[in-house]
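Position one of the sequence shown corresponds to residue 226 (my numbering), numbered consecutively onward.
Just so you know, the hints here were simulated from the structure itself, not pulled from any lab data.
Yeah, the Cβ is synthetic: ideal placement off N, Cα and C, and Gly gets one too.
Heads up, a few of these hints could be off.
Said to hold, decoys possible - Listed next, the in silico DSSO-like pairs over lysine-lysine satisfying Cα-Cα at most 30 Å (straight line):
id: 1; residue 1: Lys316; residue 2: Lys255
id: 2; residue 1: Lys306; residue 2: Lys255
id: 3; residue 1: Lys316; residue 2: Lys262
Claimed, not checked - Ranges between beta-carbon positions, derived for each pair:
id: 4; residue 1: Ala297; residue 2: Pro276; range: 19 to 29 Å
id: 5; residue 1: Lys258; residue 2: Thr278; range: 33 to 43 Å
id: 6; residue 1: Asp253; residue 2: Ile326; range: 21 to 31 Å
id: 7; residue 1: Ile317; residue 2: Ile284; range: 38 to 48 Å
id: 8; residue 1: Lys255; residue 2: Lys306; range: 15 to 25 Å
id: 9; residue 1: Ala309; residue 2: Asn274; range: 25 to 35 Å
id: 10; residue 1: His277; residue 2: Cys303; range: 29 to 39 Å
id: 11; residue 1: Arg260; residue 2: Lys306; range: 18 to 28 Å
id: 12; residue 1: Thr256; residue 2: Ile312; range: 37 to 47 Å
id: 13; residue 1: Met311; residue 2: His277; range: 36 to 46 Å
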Amino acid sequence: MARLWWMIAVRRKKQIDDLRLTIADTMDEKTFKDRTKKLALQVMRLVENLPHTRSADVIARQILRSATSIGANYRAACRAKSPADMIVKLKIVEEESDETIY
């Protein structure tokens, strides 16, 4: 069981690394800003169509916060005062993206 988990984790990491390289090769600042805005709007529409139950409301609020924060934090990273500041802000973008996917 542990070996299977390890194989899945290694494969997932390789997929993520491949995706990062693809994004880095094809995505400029404007494109990424447009895509994060589009994502936020799509999530807003999704949240509006969820059932009105207590659990759905909790999930909806959380996914709405994390999805909209991706674009906001990316824009903040674009205005970073130093390369180190940009890296920190981009890590926040990555964390929010991961949280939204979860």
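Against the structure, the hints:
1. Lys316 / Lys255: Within the cut-off at roughly 19 Å; holds.
2. Lys306 / Lys255: Roughly 19 Å separates the two Cα atoms, so the pair holds.
3. Lys316 / Lys262: holds, 18 Å
4. Ala297 / Pro276: 19 to 29 Å: Between Ala297 and Pro276, where Cβ atoms are some 28 Å apart, the hint holds.
5. Lys258 / Thr278: 33 to 43 Å: holds, 34 Å
6. Asp253 / Ile326: 21 to 31 Å: Check passed, 23 Å falls within 21 to 31 Å.
7. Ile317 / Ile284: 38 to 48 Å: Violated, since Ile317 and Ile284 (Cβ atoms, about 21 Å apart) do not stay within the stated range.
8. Lys255 / Lys306: 15 to 25 Å: Cβ of Lys255 to Cβ of Lys306: about 21 Å, so the range 15 to 25 Å holds.
9. Ala309 / Asn274: 25 to 35 Å: violated, 41 Å
10. His277 / Cys303: 29 to 39 Å: holds, 37 Å
11. Arg260 / Lys306: 18 to 28 Å: Holds, since Arg260 and Lys306 (Cβ atoms, about 25 Å apart) stay within the stated range.
12. Thr256 / Ile312: 37 to 47 Å: Check failed, 20 Å falls outside 37 to 47 Å.
13. Met311 / His277: 36 to 46 Å: holds, 40 Å
In the structure shown, a violation is registered for the earlier hints numbered 7, 9, 12, in ascending order.
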